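Chains A and B, in that order, give the protein sequences. Using the numbering used here, the first residue of the first sequence is number 1, and each one after it goes up by one. Using the numbering used here, the first residue of the second sequence is number 1, and each one after it goes up by one.
No lab work stands behind these hints: they were computed from the structure. On a predicted model such as this, the values are computed, not experimentally measured, just so you know. Take these hints with a grain of salt, some might be off.
[What the hints assert, rightly or not] Mimicking BS3-like on lysine-lysine, the simulated pairs with C-alpha atoms at most 25 Å apart in a straight line are:
| hint | chain 1 | residue 1 | chain 2 | residue 2 |
| --- | --- | --- | --- | --- |
| 1 | A | LYS122 | B | LYS161 |
| 2 | A | LYS63 | A | LYS222 |
| 3 | A | LYS32 | A | LYS87 |
| 4 | A | LYS189 | A | LYS122 |
| 5 | B | LYS161 | A | LYS100 |
| 6 | A | LYS58 | A | LYS164 |
| 7 | A | LYS87 | A | LYS63 |
| 8 | A | LYS24 | A | LYS63 |
| 9 | B | LYS161 | A | LYS118 |
| 10 | A | LYS164 | A | LYS122 |
| 11 | A | LYS138 | A | LYS122 |
| 12 | A | LYS100 | B | LYS279 |
| 13 | A | LYS139 | B | LYS161 |
| 14 | A | LYS87 | A | LYS58 |
| 15 | A | LYS87 | A | LYS118 |
| 16 | A | LYS138 | B | LYS161 |
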Amino acid sequence: MEDNIRLLINNISVVYADVIQVLKGVSLTIRKGQIVSLLGSNGAGKTTTLKAISGLLKPENGKVTEGSIEYDGEQVQNSSPEEITRKGIIQVLEGRQEFKYLTVEENLRVGTATRWGKPYQKDLELVYRYFPALLARKKSLAGYCSGGELQMLVIGRGLMAHPKLLLLDEPSLGLAPLLVKEIFQIIRKINEEQGTTLMVVEQNANMALQIAHYGYVMENGKIVMESTAQELRENPDVKEFYLGTAASGALKSYRDVKAYKRRKRWL
Amino acid sequence: MEFFLQLLVNGISLGFLYALSALGFVMIFKSSSVLNFAHGELLAIGAFLFLALSTWAKLPIILAFAVTLIGSFSLGFIIERFFLRPLIGEELIEVIMLTVGLAAMFKGLLLFIFGGDIHSYPNFLPEGLSMQWGAIQIPSVYVATFIIGIIFLIIFGFFFKYSSQGIYMRSVADNQPAALSLGVHVRRVFALSWAIAALVCAMSGIVLGIINGVNVHNLSAIGLKVFPVVILGGLDSIGGAILGGVIIGLLETFTGGYISTSLREVVPYIVLVLILMVKPYGLFGLVEIERV
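With the sequences and hints as input, model every part of the structure.
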C-alpha cells in the first residue's frame, strides 16, 4: 500500500435503521495534502459518505455494513465519533451548526475538545488570521452572527482540533457568491499553508473543482465518475450537469441526459 | 422593625439554601436539557448518607462529610451510567420520565432503609459561627449555608464561563450533534453533570437536615421547591438560580411572618406565575435566538 494515502474507502455500503440502504459500494481514495471534492445532486449520498468517515452515522442509527475505511492504514469504520475525532478526522457539518449561546471565541474553544488541557492560544490566533472577521466578533454570541461569519466560525472551529483530515459539508450553502469565493480561497490557503488534507462536499461544483486536486461524482449512492479536477472540469457531462456550461446551446432530450450513467452500464 | 430585619435575614439565608440546591438542578439542565424530577431524592440521599456515616458509623464529622460528598459524586456517575446512558438518542421526554421513576425508586429505597421518622444529626457546627446584631440573631447553620453557598456559586460560575470543560458542557447543551462532530465526549459530559449535581444536592441535603431534621418526605418535597426557584431565575442560569432562590426564600419568610404560615407554601407560586407573564424565559433565562 502506498504510504501517501490518508484515507482509503473500500467498497462500503451504508444502511440506516437496518433497512434503508444509502451507499452501495462506494470506494474512494484521499491522498495526503490533497483537496478532494465530492460532487453530486441532493440525496446522492455525499453527506452519508462523510458521516461514515467521521463516525457520525452511529448516533443516527446508521452503519457501515460492508467494506472498510482505512485511515493512515488503520481500519476505522463504525468507530465512535469520540475515537475518530481523536485520530484527527474532523467533520464540519452541513448548515453551520454553531453553538448559538456560546460566544464566537467559546465556539472556537470547543474545537479543542480532542486535546483537552493543551494550550490553544496559538490556534486561536491562527484562526483569527485566516478569518479576521471573527476577531471583531469574538465576544458576541454566535447566534447573532451572519451566515458568512458562521461558516467561517465552523471551519475555524474544526481547525482548532488540528485535523489531519478535514471534511467540509457544503461550505457554500446559502452564501452570497462573493463570500463563497472568499471562503474557498481561504480553504485553499489552509490546505497550502497547514498541509491539511481536505474533502469538500459541494453542490457548487464550479467552486469545488477550482480548488480541488481530485474529484468524485456520486449518484444514487454510487461513485459514477472520478478523475483529476482538471479533467472533470473539462468533461462534457460534468460541464453540462454540474457546471451548467455545456457547449451546445440546444436542449438535449432526456435520453442524452445522464449519458455517463449509460456508459457506466455498458462497462 | 426588628421583626422585619429578622425575617429579612432568615429569608436571605433560606434563599441561599434554595439557590444551592437549585444549582444541582441547573447543572443537569444546562448540559443535557433534562429536568431532573429526582432532585429532592438526591438531596435526601445525601442527607441520609451523612446521617448513616456520622451517627451510625460514628466517623469524625469532617471525614463523614468528605465521604458523603465523594459517595454522592460517584452516585451521580452510577445513575448516568446505568439509567441514563441507555436512553441516549431517545426523546427528551423519555429521559425526564425516567427521572420520575428514579425519584420513586430512591424514595422507596430510603423509606425501606431508614423509615419515615425524623432523624437528627449531632450538633457539630461551631457556636462561634452564629452572629448577633442587637436583637437580630443569625444561627450558625444559616451562616454556614451562606458561606458554602457563596463559595460554590462562585466556583460554578467560573467553571461554566471560563474553563474548557465547562464550555464543552455548555456546547453539548447547545447543539449535541455539533459537539459530537468536534469530539466532545458527550457521555462524559452527562456523567460529570450528574455527578456534580448529586454532590451539590448532598451538600444542601445535609444543611437542610441540620435545620429541619432528616426526613425522607420533607427532603423530597423540598426538591419540588426547586422548580419555582429555577423557573423564576431561568432554567439554565446560575445567577438566576441565586436570585430566584433569594426571592422565593424572602417571599416565604415574609408571607409566613406577616400574613399566615399556611400561605407560605403558596405565595411563591403565585408570584412565579405573575413574573412569568412578564418574562416568559424567567428573569435570566436564555431567550431563544431565532434566525429568520
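Q.
Check the hint pairing LYS138/A with LYS122/A against an upper bound of 25 Å on the C-alpha distance.
A. 15 Å, holds
Q. Can the restraint linking LYS32/A and LYS87/A be considered satisfied, given a maximum Cα separation of 25 Å?
A. Since the Cα atoms of LYS32/A and LYS87/A sit roughly 15 Å apart, the hinted pair holds (cutoff 25 Å).
Q.
Next pair to validate is LYS87/A with LYS58/A; report whether the Cα-Cα distance is within 25 Å.
A. 17 Å, holds
**Q.** Holds or violated: LYS100/A to LYS279/B, with C-alpha atoms at most 25 Å apart
**A.** Answer holds: LYS100/A to LYS279/B is near 21 Å, not above 25 Å.
Q.
Next pair to validate is LYS138/A with LYS161/B; report whether the Cα-Cα distance is within 25 Å.
A. Measuring from Cα to Cα gives roughly 15 Å; hence the hint holds.
Q) Straight-line Cα separation of LYS87/A and LYS118/A no greater than 25 Å? A) Cα-Cα ~16 Å, so holds.
(Q) Checking one constraint from the list: CA of LYS139/A to CA of LYS161/B, max 25 Å. Satisfied? (A) Holds, at about 12 Å.
Q. Does the structure keep LYS161/B and LYS100/A at a Cα separation of 25 Å or less?
A. Answer holds: LYS161/B to LYS100/A is near 15 Å, not above 25 Å.
Q: Take a quick look at whether LYS161/B and LYS118/A sit within 25 Å of each other, Cα to Cα.
A: 18 Å, holds
(Q) Between the alpha carbons of LYS63/A and LYS222/A, is the straight-line distance 25 Å or under? (A) Judged against 25 Å, a Cα distance of about 16 Å means the pair holds.
Q: Verify the proposed pairing of LYS122/A with LYS161/B, using a straight-line Cα cut of 25 Å.
A: Roughly 21 Å separates the two Cα atoms, so the pair holds.
**Q.** 25 Å Cα cutoff - pair LYS87/A, LYS63/A
**A.** Judged against 25 Å, a Cα distance of about 20 Å means the pair holds.
Hint compliance for this structure: no hint is broken.
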